[in-house]
Every structure is written in structure tokens, then in C-alpha cells.
Amino acid sequence: MAAPLTLLLIVAVTIRAVLFRSSWAELISERVEVVSPLNAWKRVVEGLALLDLGVSPYSGDVFHETPFMIYLFHFVVDYAEIVFMVTDGITAVALYLSIQTYNKNVFRKQKYALESDRYPADCLELLRSPKEMFYIPLKVAMFYLLNPFTILSCVAKSTCGLNNAIIALFILCTLKGSALLSGILLALATYQSIYPLTLFAPALLFFLQRLYIPVNLRRSSFWFFTLQYAFIYVGSLVVITGLSFFLLGSWDFIPSVYGFIFSVPDLTPNIGLFWYFFAEMFEHFRLFFICVFQINVFFYTIPLSIKLKEHPVFLIFMQIAIISIFKSYPTVGDVALYMAFLPAWSHLYRFLRNIFLVSCVLLACSALFPVLWHLWIYAGSANSNFYYAITLLFNFGQVKSLNLISHFT
Amino acid sequence: HTHLNYKLGLTLQNRTSEALTPAAAARDEFQEELVIRPLHSGDIYASFQFRTLWDTDFLQEGQKVSHYRLFPKSLGQVLSKFSVRELHISFTQGFWRTMQWGQPFIPSPPGAELWVWFHDTVSDVDGNWKELTNVLSGIFCASLNFIDLTNTVQPSASFKPLGLGNATDHRFLRYATLPREIVCTENLTPWKKLLPCGSKAGLAVLLKSEKLFHSSFHSQAVHIRPVCQDEQCTSKAWELRQTLNVVFDLYTAGQGKKEWSLFKMFSRTLTEACPLATSSKVYVDITDNPELSPATPLLSQAVVLGDRRTYSVFDLTRAETFGQLRSLNLLLRWKGDGEMLRPLLHAERYVAGFGLQTGEIHTVIYNNHPYRAFPVLLMDSVPWYLQLYIHTLTVTSKSRDNKPSYIHYQPAKDRHRPHLLEMLIQLPPHSMTEVTVQFERALLKWTEYTPDPNHGFYVGSSVVSALVPSMVAMNTNFTQDQPLFSSFVPVKEESSYFVRVYTEPLLVNLPTPDFSMPYNVICLTCTVVAVGYGSFYNLLTRTFQVDEPSLPLAKRLANLIRRIRGVPLLT
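Chain order of the listed sequences is R and D.
Note that the working numbering gives residue 261 to position 230 of the first sequence, counting from 1, and the numbers run on in steps of one.
Note that the working numbering gives residue 269 to position 197 of the second sequence, counting from 1, and the numbers run on in steps of one.
Hints listed in this document are in silico derivations from the structure and should not be mistaken for laboratory results.
Bear in mind that the values here come from a model prediction, so they are computed numbers and not experimental data.
Be aware that one or more of the hints could be misleading.
Each computed BS3-like pair below joins lysine-lysine, with the alpha-carbon atoms no more than 27 Å apart [to be verified]: (1) 232/D / 280/D; (2) 73/R / 517/D; (3) 485/D / 73/R; (4) 142/R / 340/R; (5) 73/R / 280/D; (6) 140/R / 73/R; (7) 340/R / 135/R; (8) 142/R / 170/R.
Excised from the complex, chain R in its bound form (with noise of 0.2 Å):
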């Protein structure tokens, strides 16, 4: 499988390399659906020129990724483009490498359920054979990789192909069963944004279920395990922003990034729910509405934990669905790192009703993004509610691709 793999990297690659030379680059680097305040590469190549001229970055308003960022790109800013593309490579190779796992696992099980006999005759059609299940790992990292979402995102340089190849590690690391490794990932992702988080939950639920310790709260051996890896994350978190306050040495970074998320106090138009409802918001009613907004993040990973349980892959996959939607800041690069799940899944396809439906009105809403951004902001002739309606939509696709998809339990 590894033919396959290089020759699917090369043409992503050259398709990157080809958009980078081109003029579209400056183009899409600008479009508010790619990048957010968060994860501009305009903010941080400014943030590394505050730090030049000797101004902390975190003083202004302009600045918002953690210092981590800062270390990293102090050194290599003079080959950004190698860098992104090099993680977006990272990451089809990490959601190869895991869904060959997982579907070693999903096929181990499936041989062990079948000899024991705990099919029903009807179901049998649905069993998946070895064959069928070898090209699913390369069409997930395709999936990834020619994915338009992410090449936009990568060659605008956004940060988010960084997190979400931190968050594609993360599941590699968890499916590959190092709980060491999965800890460590896991807070540098909580650590980048702080909303995957909630992918603790289904990683301990993974965990307990590859070390056959039964999910029961009065049992002393699950509380033993979690409490390891909960001290595993929480330590590494530790450390993390210990190492950041040494950086600037300042807790600057603090309100500046995670203040900024959970606060929403820049509302530049992006692909989600967020701005246009803040923009209008009474102010009365502001501080009760980010955190209604916000706990609607975090609110959906116990009921979730609780009924797929027997799923954590599945589990992850929603989780970050929920995440990418819902989140304060979304761009189109966090959609596509749940869009690259699904072929994992496509012996369900044929349960999913509506699925044409849901797919037409992404598809549209992706086109009519930039029509209609151009009408209100160039043109004059309409004006933001346009653009509103259009996410508006979008997002009610999303949330009615994930209700498709959640009819797979």
C-alpha cells in the first residue's frame, strides 16, 4: 500500500505547489471561509514583526495563536510553504496509518463476533470482507488530501493544518493504543484550541475498551486507569504552558488566546454561527449567550460518551464534527478533517436517506460563499444578510449530515 500512498502525496503536493506559484495564492489567503482571526498567516507573520520591533505580540488585539506557534515559526517563516505542506502530508499518512488500525480491529472483532455466532441470518450481507476493507485507509487519506477544503486551507497558509495534524496524531497514537503518546497529543491540541478537549472522553472510553477494563464507575481498576491518563493530559498541559509563560515571560498569552475564543470579541464573518449573532446581540444579553454558545460545545461529549461507548472511533469522529461546527471561529479546514472519516464507513452508505439532498446544499453553499461575500463587500449591491443566510445553510447542512450519519449506531 505504500505505491499508492507516495503517488496520492506527490499529486497533492503538486497541485499545493502549483496553486502557491499561481496568483490565486494571495487571492485565497485573504478569504474570510479559509482563515479566521485565530489562524491567519497574515496575524502571525505581524506577530513575529511586533516581536521584531520589540512590542510584545500579545499587546494588541491582532495576535491570537499560542506561543508554541511563535517558537515554531521564529525558525522556519522563510519556508512556510514546505512547512504546511508537509503537514498536510503528516496528516493523510497519521488518518492512514489509524484507519488501517481500526479496521484491523473492526475486522478482528467482526471474526470473533462471527464465531461465536452472535449474527442474525439477515445481517450477514453487511459483514465486510478483507478485500473490500483495503482500499478504505487510502481513500480516507484522498479524502484528506484532495479534499478543495483542505488545499484552500493549505495554501493559504492557515494554522489550522497544523491542529488538525496534531488532532490526526492524536488519533493515530490513541488507535496504536500509547497512552503516553495519546496524552501528550491530546493536550497540545487542547493546548492549540482549547475545544478538543472533549476528545478525552472517547479516547479513555478506546483505552479502557483495547485493556478489557469493563466501563464501570464503581469498579477501582477504571478509576485507576483514568486517573493515569488524566494525569498524563493534565501534566503535559501543564508543562506546555509552562513552557509558553518562559517564552514572552508573561501570562499574556492567556487572555489573548483562550480569552479570545471563549469572549468572541472580533466578529469578522466566517463559515459559522457565531458573528452575525453577536453583531446583533443586545448587549444585556451578550455574556448569557457566549455561554449558552459555548457550553453547546462541550454539552454533547457525556450523552455521546454514554450511548456510543461501544464506538470510540465513531465517537471521535462526531466529537470533532460537533467541534468544527459549533466551534467560535470555524474555517473550511476544520470541516475537512471530519469529511476524511467517511469512506471508513461506506459499507452504511446505502441507510443514509436524503444523502443527495445534504450534499447538494454543501456543495451550493460552498459556491455561493464567495459570490455572495463579493456582492456585499465589493460590490455594494447586497448586503450582510446575504452572506448570513449562506452560512446560515451551510451550517444547517452540516448539522443535517451529522444526523445522517449518526443513523450508522
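Given the coordinates of chain R, assemble chain D onto it according to the supplied hints.
Below, chain D without anything else, positioned relative to chain R:
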């Protein structure tokens, strides 16, 4: 008139009583002056300066002052309450066209500008600043209460004190400008009330609002600073300068003829000097040889703004100035051909780009000196909703990169403070320097827009300050007889003079949300979130049950009867 006599009587009484008690020998002084300069383009420039010296050593701690003679009480109380060391406030309507009119005596930006140096004993400068702006807002009937932390900056180098003291701690300096502020009669009236003679005697009788505001440029200002009273600086005093600069347009007020008189400009003539003034003079610039009547033998030469000019002087304290009719109406006529002296420093600013997402601010500074290069300090204060990207800052002179030697940049914090950019740029001789910086426009909350959001948002003028090399030796001697217009800015060295140039304010459009839709937006967004919630709830709480196939109606009725009878049911 009787009111004035009564006031005069009181003042004279006070003065005589002061003379009898030598311990409290106060020497308040009031001087007034008017400079009339015909401009090359046919317009005429009139600059009034009223200077009150208040002889009290305020800079000592713990001295409470309650005795006001010529100095207005409202301003004196402001100085003492807020521990102000220097205060400069100006209200301007119109933009000074440097290339057509030359350099003004007192530069000022369009709108309102306020900058204040506080004493270094003040502990809460921001609190004092807030209260000070509100009190000044009441004194001048202007909406200075719009000055708050979102448009106040602390320039580090551009606004050094103009009076005594060499303070360098810019934490005690505050600068704010309101480019949108309009000047009208409501602002002129309280300004005139601060004068010792009011608008009843002296030069202030000319200040009639229906003529003053029918002009291309109108600027009134108040400058308060501590000064030395003599060469050795043995005693200090507070100096209050009230200046009013006005430029009358050739076509709108002048009926197209380069022929001006005091009556044509102000619809009044001068009849007497202010009795409280120790000196009351009118200077008319006759360097370009206009026809002036009535002629006067008194001439004076002064070097101001790097140029030696000749003035005809009319001393209003002498009765023979007014002639037979006991009124002075100056008449000026000139041809206006020949070259005007090009101002050595000139600046322009504009916004480039299209659309409501990004833009670029271009500031162009011209150095018209034929062979000397000199550095200028450029200060830009940009509101927070235009996010500047300092890595896109480029400074080019003669199409080559010109790196500034000093950059002080304080980025903006959303809704807390504006951007402050100060740069020291060396201008090559006879060149044009362009400073460009890119910005992005933010979408604000719907309550943060003004009632007319599509008018745009104003960005205050940039300030270019420089010591321009002078072709003519400047006068560094401190004498009491210097005309006021040449002693406004202290001259430290002979070979250069201080110039401050203000650029145009910018008008920038921001993208607006739809203001009629708050309820709709809240409902629609919450609907999408609720759809998500609903589908997850469904997923999480749905259970599957095997459903019994339902019997047709006939069989159900039969089962009903069978149940009554007690026999087994049909399936």
C-alpha cells in the same frame, strides 16, 4: 458700555489697592494683536492672538489661588483642580491648504484637538483626563465628552512641552482628537467670554460669527503654559494665549476682487483698544508690496517661519491711529503675481484600495528644500476598528526604501485604545516620501455604529513635526517687545524653526450589519442550533422496539366482540 466701565472701575480699584500694598505686587498683563496677511491666491489670512499673563507661581504645591484679575476664573480652576501643566485645545473648521496659503502661525487639525501635560504629582492621570475633558466640554460648549480611552494616545516624542520644563515622561501626556467635531457660534461665544474685555472693546469686537464662519478656514484655540517672565527666568507666570485664525475666500467672501478691508472681512471697524491691554497692535504684512491705506510710518521686521517679512504696525493704544473718524478701517489691494515662497514641509494623506475588507493608508511628505535633508517625526493615531498590519509598513523616498531610524508602535486593543505609530524619517532634499500601511476593517457590534453609519468613520489627522532648516537666521533673543505671532513657539537655535503640519483626516467606510434585524438573527441562529440539538437528542434517546403488525379494521372489531364474549382472539 456701563457694564464695561463698572468692570474697569473694579479692576482699577483692585490695581490701585494692589499698588498700595507692595507685598502683593501682581503684574497681570494682557496683550492683543491681529496679523493680516494677504495670500498669494487672493485670499486673506487674519490671525488674532490674545495673551494674558497670570503672575502666580502655581507650580508650587499647596498654594490655593482664589484671586483672579485678568485670567479667566473657569480656566484657573481647571488648572488647579486637575494639576495641569500645559493645556492646548483647538477647534477648527476647514483644512489648511499649505501649498496655496503657506504655513500658518498656529497649526491645527480639522475638528477638535486637545493635548495636555499633567504635573508629575498626579497619581491617576486617566481619571484626571476624563474629568478634564468633561469640564472643558462644558466650558467650550463642545462635545469633548466623546474623548475617552478609545481615542486617546500618549505620544512619546511628537508633543514635547511648549512651555517651561523639560519633562520627558510621556505617561503624563495625553493627546486626543475628534475629527468629526463641528465649530459654530456656540463655541465662539464662550471663547470670547474668556477674554478680559470680552467682545466689547479692542480687537475682539471684530469677532462677529456671521462673517467668521463664512470663511474657508476658521480655527480658534486656547493655549495655556508656564513661561518665564524675564531673561533670567527669576519668576514664572502662566501664559494664556487665545488664538483665532481665519482665512477669507476670494470668491465667497471677497466677491472675486483682491481688495479687502476690515469692514469687508468682519463687517466692523476698530474703534478703540481694550483698556486692560498693555499693548494692542495690528500688523499688516506688506512684504509683497500691496497698497495699504491708511498709511502708517511704523514698520517692523520679523523673522517668522523661516522667512523675513515686513509689517506695517498700527498701534491702537495711540489715539492718532484712529484718525478723524475715530475708527480704523484698513484697506488692502494687491496684484498677486509673482512666486510664493514654497513651504518647505508639506504632507498629504489618503486611503487607497477598494471594497470594505481591506485598505491602505498612504501618507505623502514633501521636502521642498533644494539641498538640505532633515528628519521629521510622523505620528499616526488610527482607531482600533481599522486593524493595522505593521509588517506591511513601507517607507519609500525617491522610489528607494527609506528605513525610519526610530519606530514607536503601540498596537490597538479592541474597544480600549487606538493604534499609535510614531516614526522618525529622514527626508532627502527635494523629494517626496511615501509611507504606506495596510489595514483591515472590522465589523462592529450594531450598537457601536453612529446613527449615520454609511457616512463613514473618521480617522484623525497625522501629525508631522520637524525642525526645518531656515534660510534666514531666526531670532533667539527673548524680548518683551516681540510680536506675539513670532513668539508662540520658543526658538532654541538660529538655523531652524519648528513646524508642525497636519494632514487631512480620512473618512473610511466599514461593513455594516443590517440594523433592522436583531430579533430575526437571534431567532434564525437559535433555530439552527436547536435543529442540531434536536437531532442529537433524538439520536441519544431513541430506542427501538419491535412493532406488532396491525390488524385490519374488521378483525379488530371482531376481536372487540370476542373480548366481551371471552373467547380467544384472532391474530
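Against the structure, the hints come out as follows:
no., hint, result
1, 232/D / 280/D, "violated (34 Å)"
2, 73/R / 517/D, "holds (24 Å)"
3, 485/D / 73/R, "holds (18 Å)"
4, 142/R / 340/R, "holds (20 Å)"
5, 73/R / 280/D, "violated (55 Å)"
6, 140/R / 73/R, "violated (48 Å)"
7, 340/R / 135/R, "holds (19 Å)"
8, 142/R / 170/R, "holds (23 Å)"
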